[in-house]
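**Student:** So you can see what is in the structure, the chains are spelled out below.
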Amino acid sequence: MLRVCLKGANSAARKCLCGNGVPLHPLQQCRSYTSGGSGSSAGKIVAASVLTVGGGVGGTILYANWDPKFRANVEKSIPYSDQVFGLALGPAAPPPVINKPRKVEPVQISSMSEMWKDSKQPKAKEVEKKAEQPDAEGPPAPAPQETLEGEACVFVAMILSAEQNVLSVFCIPLAAAKCTECEHEPAVKERPEGEVAARLAEQDKAEQDLLTSLSSNLEDALGSTAKVTLQAIGAQEAALQAIAQHTRQLREAMEAEAPPDKKSTQWRVLEDALSERSRSVDEAGAAVLKAKAELDKLRGVIDGAKHLKIAAARPSILAAEENLHSMVVDLDSVVTRVQTAQSEAKIVSQYSELVNEAKAQFQKELNSITPEIQANWKGLTGKLTQDDLNSLIAHAHRRIDQMNRELAEQRVREQIHIDSALEQQKLEDKKALEVAVSTALEHNREQMRLEQEKKVEETREVMEAEMRTQLRRQAAAHTDHLRDVLKVQEQELRSEAEEILNSSLMEKETEYRRLTQDQLDSFTLDMNAAYARLKGMEEAIDSHVIAEEEARKAHQLWLSVEALNYTLKTAALNDPTEPLEGAVQAIKESCAEDEFAQALATALPSESLSRGVYSEASLRARFYAIRQLARRVALIDETRNSLYQYFLSYLQAMLLFEKAQEAPPAKLSAEDLDTFKLLSYAAYSLEHGDLELAAKLVNQLKGESRRVAQDWLKEARLTLETKQVVSLLSAYANAVGLGTTMAP
Amino acid sequence: MANEHGQKWDRCLADSAVKIATGLGVGIVFSVLFFKRRTWPVAFGSGVGLGMGYSNCQQDFKSPYQLHGHRVKVSKSHTS
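Residue numbers (the UniProt record's numbering), protein chains in the order written: chain P, 1 to 744; chain B, 1 to 80.
These are calculated hints, taken from the structure and not from any lab test. A hint or two may mislead.
Stated by the list, open to error - Computed cross-link-like contacts, DSS-like style, restricted to lysine-lysine with a CA-CA straight-line distance of at most 25 Å: (1) Lys702(P) x Lys62(B); (2) Lys677(P) x Lys714(P); (3) Lys62(B) x Lys714(P); (4) Lys431(P) x Lys292(P).
Start from the sequences and build out the full structure, keeping to the hints where you can.
**Tutor:** What follows is the structure, encoded as structure tokens:
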């Protein structure tokens, strides 16, 4: 085909070139071009095919680069194209991970979790929360998440199926969630239920642990804070007590007019009280600081607990917060009390200082006036002189005047002082008020918040309880409905089952009856059959005996016939067989009552009995000699029998050539009765083993040829007769034998 | 029966030979005795012998076909 193409291209090229070639020497050029023309046209064809193939491949690669689906298709359909693409374009980008439906899941799960928050399964919610986190991380734990969610879905589905009316709305997103999950995570298997339950239990336990730890933390913190606060409060109380005592004692010391020795003890006691008070105040301050630190710590712990957002811990958190708040309030109140006491004490101390100062002044004055008088002047009334007394009285009067003046001054100043003091007091009151207001506000706010939370908690609980009751009602209604439906179904199924049972029972009964009847029938049949068979067998045996006898006889006959056959074979080449007398005698003996055999046995020619017969082979051999002779005397018959005729006949035999063997026709015509023809026919039939036909043909000879062949003919006749009889006998023996062997 | 032919020929030839020889001899004798050693009695004698032999031979060969007719006298008493 390539050559054809080339030739075509050649001729076309030649034509083309010759047509459009240079006009000057077209033929030459054509000639010169023809050698190259074919080459260039072939080259053109090759180039064109290369271009086409390259263009196709390059186009495929470019398009595959642009369209990855096409690339995938080509890679699927054409083997090894992926390698080519890999070489040319680099590995194909993996298909984009389908994340969107998985992103949908957390939302739906959270909705589920929201729903579960409201239901009575906070543990599952914790589970979901926990499940959310690995989901947010990514696919590393798709299986547990999937199974968890699957299980959760199953749980929810179970619950929902039980409460279809109320929560049918929720079924749809859940079902959708389940479907999306199933769609987009087909390869993930579900975890076994036990594992999920174990995981749930684990998470429950973890949550419980957390809760307990949290509550223990809270309790510890609360306890410690309470202790510290109590300590602080106690310290503050002690401080208060100390301050009050000190103040009292100071006042007592100020006002009481005790004798000097008691006074010193009083002052000592006062000093002790003062030290006591300072110590207790310091202690109280330190305790307050500690308490404040503890309270802050407690607040921190509470905030941390709040961040964990465990619903069960909320009441404890609330209680802790309340405790905290009360502690803070107590602490503040105690601190304020201490502060007021301290301010009172300051006043009293100031008063006492003033009194001490006045006393000191008076003492100084007294000393200046009466230096020898001791401090304890109350008991010195007997020792004093008149002058002293007068000076003392004058001093006292002067002092009284001074005091009065001071008093007046003081009264004037009092007002100013009172105003300023009032103002100061106002300021301080304002400050204190602000502080108190702020703290009270703080406390109130805290209180309100706590109350609000408490209320919220209460309402939540109430709502939950209500929802629970509703759900319970729904569940009860559903269970009633289910019970009714089940009852109805049970009835139906029972009736169906009874029906089926009855029908099958009837069937089985009829079957049984039929089977028994069949059995009886078959048994009867079998018995009859057996009896018949027995009878048949007996008959068969009897007939068999007869048949055996017949067979034996037939066998004997056959044996004797075989012996006869065998004697026929004893013919040597040119000698006759043994005389068949013995064998025939044996046959006659063996079939004494068989008429047919007897007849046949007697039908044998006596010559064969006495002398035996010639075999076919010997007859065949003899025939050729006979034939020669017959040929030679073919012309001699009754009319022509002179020696001259003999000479002529010899001449004819010498000169006449006929076929050595010629197939005899089915019907002999007149011209077939020629000696030579007859002889050739006879030869043919002899060669083909047909002695009978040969004998028949030889029988047609006429004249001297006939006379010459007479001997041979006689022998042939004998042989044929004997053979016929023997074959008849053997056939008969075979038939008889066959018949006997075929007997039942 | 096949041998008969051969036998006949044997006899025939033998007979002919003898006759020819005899004729020859007689001819020779006669030629010598009576006819002054001429050859014609020899030829004559052998010819006679040959002829006799030939005739015998022929007769022998013809013998099976020879019909010997008998005249049967039919008495008048039988035909009536």
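**Student:** Can you give the numbers of the hints that this structure goes against, from lowest to highest?
**Tutor:** none
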